[in-house]
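Fit chain B to the supplied structure of chain A, relying on the hints for placement.
This is what each chain is made of:
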Amino acid sequence: MAVTEEKPTRTRLISGPGMLLVWFYGVMVVGAVSRSAYQIATEFDRAPLAYSLSAVAGVVYGFITYTLVRGGETARKAAQFCCAAELAGVLIVGTWTLVDKSAFPDATVWSDYGMGYVFIPVLLPVSALYWLRRNRAVTP
Amino acid sequence: MLTVLTLVTGVAALLLAAWCGWAAYRDQPTKDWHFIGMAVVSLLAVVQLVVGIVLLARGEKPEQGTTIFVAYLLGAFACVPAAGFMSLAERTRWGSVTVAAGGVVLAVLEVRLYDIWGG
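Residue numbers (numbering that gives the first Met the number 0), protein chains in the order written: chain A, 0 to 139; chain B, 0 to 118.
Bound-form chain A, shown alone:
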């Protein structure tokens, strides 16, 4: 790194399309967290796996939202990792719900690849990963 270079400010991850991502992640946080909180509080025994998964999804969404807003290279890497985990989650749970419907008496956020949420759960990590890759810190 050049000596004369100024101390770089944190990479802003919420400029331009990033703002749209934050919006959708925010919506998903509210959706997943409130839904799972309600279901766990009222009818947990009916579909414990499904409701727990929704809660986990909510936490992951919350963390990604936080990293996006915070910005910076570390946050970017953390977000990238979580988005990959999220994508894996959607694909695994989505397939699981299709293959073994009996394991899920009730839907999760990620059921059928997020069909109940207009497929946003599967589209979001893909576009986020693309966005995060583009914002890699430029290597000197």
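No wet-lab data here; the hints were simulated from the structure. Don't be surprised by glycine CBs; every beta carbon is placed ideally from N, CA and C. One or more of the hints may lead you astray.
[Stated by the list, open to error] One side only, chain A facing chain B, incomplete, derived with CB under 10 Å:
| id | residue |
| --- | --- |
| 1 | T10 |
| 2 | G15 |
| 3 | M18 |
| 4 | V26 |
| 5 | V29 |
| 6 | R34 |
| 7 | T41 |
| 8 | A102 |
| 9 | P104 |
| 10 | A106 |
| 11 | V117 |
| 12 | F118 |
| 13 | V121 |
| 14 | L122 |
[To be verified] Partner residues aside, some chain B positions facing chain A, computed with beta carbon under 7 Å:
| id | residue |
| --- | --- |
| 15 | Q27 |
| 16 | A70 |
| 17 | L73 |
| 18 | E89 |
| 19 | W93 |
| 20 | V96 |
| 21 | A100 |
| 22 | V104 |
Frame of chain A; chain B shown alone:
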């Protein structure tokens, strides 16, 4: 009363989405007029929130449960203002896209509210 309000709010939200989508298409940030539009839609959501609470206080019961109903009312109320503030922070076309997305999300919430109330 609530059903009409739900319908009007949903349609207004879609109009707002289309309008801001148009602004984004023309590479423009949200402007004063858009914010007036957002205020109108938000006002509808506030009225809906108040009417919903009054109906509950009168003893009417939503088909799918009071908690869910109130949660969705609050979500609908917060939706457009939140997107509006984000578009203030992002003075490019992407701010407009965010508000457009906010309008679509609100329209979806209205459909759900309709179901939850029980048509």
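Against the structure, the hints:
Look at T10 (chain A): its Cβ only gets to about 16 Å from chain B, farther than 10 Å, so that hint breaks. Checking G15 (chain A) against chain B: minimum C-beta separation of about 5 Å stays under 10 Å; hint holds. Residue-level restraint check for M18 (chain A) holds (minimum Cβ-Cβ distance to chain B is 4 Å; threshold 10 Å). Of the supplied interface hints, the one on V26 (chain A) holds, with its beta-carbon coming within about 6 Å of a beta-carbon of chain B, less than 10 Å.
A cut of 10 Å between beta carbons decides the hint on V29 (chain A): the least distance to chain B is about 6 Å, and the hint holds. Interface hint at R34 (chain A): satisfied, since its Cβ lies 9 Å from the closest Cβ of chain B, which is below the 10 Å cut-off. The interface hint given for T41 (chain A) is met, as the beta carbon of that residue sits about 8 Å from the closest beta carbon of chain B, less than 10 Å. The interface hint given for A102 (chain A) is violated, since its Cβ lies 24 Å from the closest Cβ of chain B, which is over the 10 Å cut-off.
The criterion of a C-beta within 10 Å of any C-beta in chain B is not met by P104 (chain A), whose closest approach is roughly 17 Å, and the hint is violated. At about 14 Å, the closest approach between the beta carbon of A106 (chain A) and any beta carbon in chain B exceeds 10 Å, and the interface hint on this residue is violated. Interface restraint check for V117 (chain A): the shortest CB-CB distance to chain B comes to about 8 Å, inside 10 Å, so the restraint holds. A distance limit of 10 Å between C-beta atoms decides the matter here; for F118 (chain A) the minimum to chain B is near 13 Å, and the interface restraint is violated.
About 17 Å separates the beta-carbon of V121 (chain A) from the nearest beta-carbon of chain B, more than 10 Å, and the hint is not met. A least Cβ separation of about 12 Å between L122 (chain A) and chain B goes past the 10 Å threshold, and the interface hint is therefore violated. Against a cut-off of 7 Å between C-beta atoms, the interface hint on Q27 (chain B) is violated, since the closest Cβ of chain A lies about 14 Å away. Evaluation of the A70 (chain B) hint against chain A yields a held restraint, the C-beta minimum of about 6 Å falling below 7 Å.
Taking 7 Å as the C-beta cut-off, the interface hint given for L73 (chain B) is violated, the closest approach to chain A being about 9 Å. Of the supplied interface hints, the one on E89 (chain B) holds, with its beta-carbon coming within about 4 Å of a beta-carbon of chain A, less than 7 Å. Hint on W93 (chain B) holds. Least Cβ distance to chain A is approximately 5 Å, under the 7 Å limit. With its C-beta approaching chain A no nearer than about 5 Å, V96 (chain B) sits inside the 7 Å limit, and its interface hint holds.
Taking 7 Å as the C-beta cut-off, the interface hint given for A100 (chain B) holds, the closest approach to chain A being about 6 Å. For V104 (chain B), the suggested interface contact is upheld, since its CB lies about 6 Å from the closest CB of chain A, less than 7 Å.
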